[in-house]
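Enquirer: Chains as they are written, first to last, in UniProt numbering: chain A, 1 to 533; chain B, 1 to 316.
Under 8 Å between C-beta atoms, here's a sample of chain A residues computed to sit facing chain B: (1) Lys80; (2) Gly83; (3) Phe90; (4) Glu92; (5) Thr95; (6) Met161.
Pulled a few chain B residues facing chain A out of the computed Cβ check, cut under 7 Å: (7) Asp211; (8) Thr215; (9) Arg217; (10) Ala218; (11) Lys219; (12) Gly220; (13) Leu221; (14) Thr222; (15) His230; (16) Asn234; (17) Asp308; (18) Pro309.
No lab work stands behind these hints, which were simulated from the structure alone. These figures come from a predicted structure and were not determined experimentally. Even glycine gets a Cβ: it sits at the ideal position worked out from N, Cα and C.
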Amino acid sequence: MSVLSVRNLALSIGGTPILHDVDLSVEAGEILGVVGESGSGKSLTALSIMQLLPRSAKWAGEIEVAGNSIGAMNEKALCKMRGRDVAMIFQEPMTALNPVHTIGHQIAETILIHNECSRAQASERAAALMHRVGLDPKKISPDRYPHELSGGQRQRVAIAMAIALRPKLLIADEPTTALDVTTQAQILDLLRNLVKQDRMGMIFITHDLAVISNLADKIAVMRHGEVVEAGPTDTVFREMRHDYTRALFSASAHVPKREAHINADGEPVLAVDEVVREYARPRKSLFQASRPFRAVDSVTLKIRPGENVGLVGESGCGKSTLARAILALDRLQGGKILLNGRVFSQAGAGPDMRQRAGVQVVFQDPYGSFNPRHTVRRLVAEPLYLIENAPAGAEREAKITRALEEVGLQASDADKYIHEFSGGQRQRIAIARALIIEPSLIVLDEAVSALDVSIRAQILDLLASLSTRLGVSYLFISHDLSVVRSITDRVMVMREGRIVEEGTTEEVFLAPKHAYTKMLIAATPVLKAPAEA
Amino acid sequence: MTLYLLRRLLALMLTLIAASIVVFLVTEIIPGDPASFMMGINADPQAVAALRSELGLDQPLVTRYLAWVIGMVQGDFGLSYTYKVPVSELVGDRILISLPLTLYALLLSTLIAFPAGVVAAARRNTAADFAVIGATQLGVAIPNFWFAMLLVLAFAVNLQWFSAGGFPGWDAGFLEAMKALTLPAIALALPQASILARVMRSSLLDTLDEDFVRTARAKGLTRSQTLWRHALRNALIPVLTIVGLQFSFLLAGGIIIENVFYLPGLGRLVFQAITQRDLIVVRSVIILLVFAVVAVTFLVDIAYAVADPRLRRRAR
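Build the full structure now, drawing on both the sequences and the hints.
Expert: Shown next as structure tokens:
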């Protein structure tokens with residue numbers, strides 16, 4: 001008997017059809033990978049199984065969990081099923097736990113809700129569960145609160161809560177997307193082992209083909225609320241019968257065409273010299289200032305004209321702090337930063353605003369980085385005030401049009417507002433905004449991390465062609481090693497505020513020297529080419 | 001936690017010192033000489049000058065400020081210019097009405113607002129929710145003195161359950177005194193409860209949308225278990241802020257209601273003192289109110305830390 005069987009699942013929310021004809025099945029001890037881009041309906045399929053849909057949702061079809069039809073259950077029966085027969089882990093470990101309860105309490109709660117046992121027994125079992133998910137209760141007390149734990153540790157707590165009652169089916173919705181690669185590798189190992197030991201069925205939802213290719217027994221590829229291709233992992237990757245599967249695969253492994261023409265002799269566009277950035281820590285005593293936290297520790301680097309440099313590292317390594325320092329958004333506590341040979345920012349002084357036009361930035365979040373009440377014209381033209389004798393009238397219009405066309409948009413888009421654009425288009429607008437004053441350097445801080453693979457491939461192509469045509473340099477900051485590898489000439493690896501390894505991209509990826517780089521590369525899931533699969 | 005308390009206490013002291021300077025200067029700047037006011041318009045200038053020196057008004061600014069502050073620290077708030085009785089006595093009598101009235105109103109407001117807000121949020125977009133939204137809209141819109149008069153008409157004039165005004169004093173017995181404060185407390189509580197219920201509702205609705213509420217549901221908790229065990233405590237922070245602000249507002253802001261019900265409270269005292277240029281009373285009452293506000297803010301800060309462990313880290 002399958003632990004889960006879904007037949008002809010259809011779902012509409014507020015009258016809008018979302019899912020149709022979804023068929024899935026999971027056997028005990030089996031991992032089903034559900035893969036697809038945002039909006040493909042993979043999360044709503046999971047929430048249909050849990051019956052945690054929005055109120056305006058209507059569903060039809062047949063969902064059976066361990067032989068019991070969900071359609072026949074009332075809310076009381078569903079509450080009994082959730083957590084006991086089917087459990088779920090969500091994407092965002094930072095917000096998935098209640099901030100005002102201890103982790104031990106939250107793990108024990110799953111047990112107490114479903115079992116007639118004492119609070120003390122539940123706490124004891126919670127401690128055992130923590131041990132099982134790799135959190136030693138001696139080191140990490142069950143009395144801790146979620147905010148005292150790292151993202152990976154919180155995700156382990158969420159897993160402990162989910163597996164507490166040995167559910168027959170575990171649904172993991174992008175459980176590692178928000179985590180660093182090394183943490184991701186550990187969590188994937190943990191899930192794999194738990195499935196094996198408890199003979200659970202697992203649905204693993206992800207947008208990342210590389211992750212799923214190494215984990216799942218079988219795969220369902222979803223698009224626009226439908227399963228377009230399904231089958232054993234090897235077969236799906238080998239045959240790729242559906243066009244969309246092929247497109248998804250090639251986008252995931254996409255390497256943009258680039259012609260590097262680095263001017264090795266020219267003045268570096270960016271020279272970071274022994275830069276130090278420190279943050280004040282909260283005071284421990286009333287009369288004594290506490291020692292500051294050094295987020296960037298004597299970093300020195302150079303970027304030559306036309307060069308694309310990658311900066312990789314895990315969260316908290318200081319790469320975004322360094323980016324803010326390069327943009328002179330924060331004051332330096334040591335060292336100096338030169339743009340095109342002139343001092344832009346140095347310790348003990350504010351930034352030289354005349355240099356500001358030399359560097360622009362594109363941030364990660366295409367939804368949060370625009371003022372929603374300004375037209376695209378105003379958004380894109382905003383950096384123009386940085387240059388002396390800024391163009392006006394027709395000349396200004398021409399500049400806006402050229403910037404928009406440069407990134408693949410149209411002149412008529414200038415009159416629209418930002419909510420009229422998709423995530424990928426917004427990132428194009430962000431690039432147009434950076435390009436309009438022809439900076440010599442653009443800092444791309446996780447600029448493609450929030451995008452779906454197909455959109456990401458398009459934006460990478462755009463960035464590559466802009467760099468080739470305009471000779472602009474990039475500082476490409478990302479936690480995603482495969483993306484960095486595809487678009488940079490040189491790469492730097494950052495850890496605990498220092499650059500631990502630096503070299504040409506191919507050199508670093510093929511023959512990493514530092515142990516940390518080796519570990520990062522080993523932990524990065526690799527998408528096997530179809531021929532090997 | 002000790003360090004946190006010490007720092008809050010230090011901030012409290014600094015606020016009080018700053019406030020005392022501002023209050024002192026403002027009462028200095030406003031026109032009107034207490035001495036000539038006390039002696040009347042046709043007073044002999046020499047007599048006025050004599051009174052000024054008796055009251056210490058001819059001393060330099062700094063000396064007078066220090067004398068005032070040091071006196072207060074020692075519990076001596078000075079003599080009222082008009083009533084010729086110690087200010088502490090005057091204020092003490094009034095506070096025995098204003099403070100219980102404020103607490104009474106705040107209690108009523110919370111008792112009405114919490115259930116109303118929770119019901120509205122738990123049954124979003126149902127008749128119960130709309131009823132709460134409508135009632136609170138009305139509660140905010142109705143002027144409370146008008147509502148107070150309605151209460152008097154209904155419960156004092158027609159039904160004769162309560163007296164229309166006045167205060168028998170605490171000597172008349174606890175129940176009698178509380179009875180006299182009931183209608184004013186209801187009148188004061190109505191708009192406050194409406195505001196609080198709305199804050200409670202929206203805060204709870206925000207919290208119910210959070211990821212951890214979904215996690216709790218996925219564990220198998222029912223909708224109401226999720227609300228009581230997971231959402232409510234997280235929703236309390238903004239509500240606590242409003243409760244703190246309401247206390248400060250009610251303590252002195254009840255002047256209109258005090259007038260409607262002939263209650264000799266703090267609000268009326270300040271009002272009378274200002275019209276009579278009894279500046280020493282004005283200053284003392286205002287400093288007392290500042291102290292109350294700062295002290296309540298301090299309590300609210302502690303309540304935050306109790307409600308939310310994330311704030312305790314800073315507290316340690």
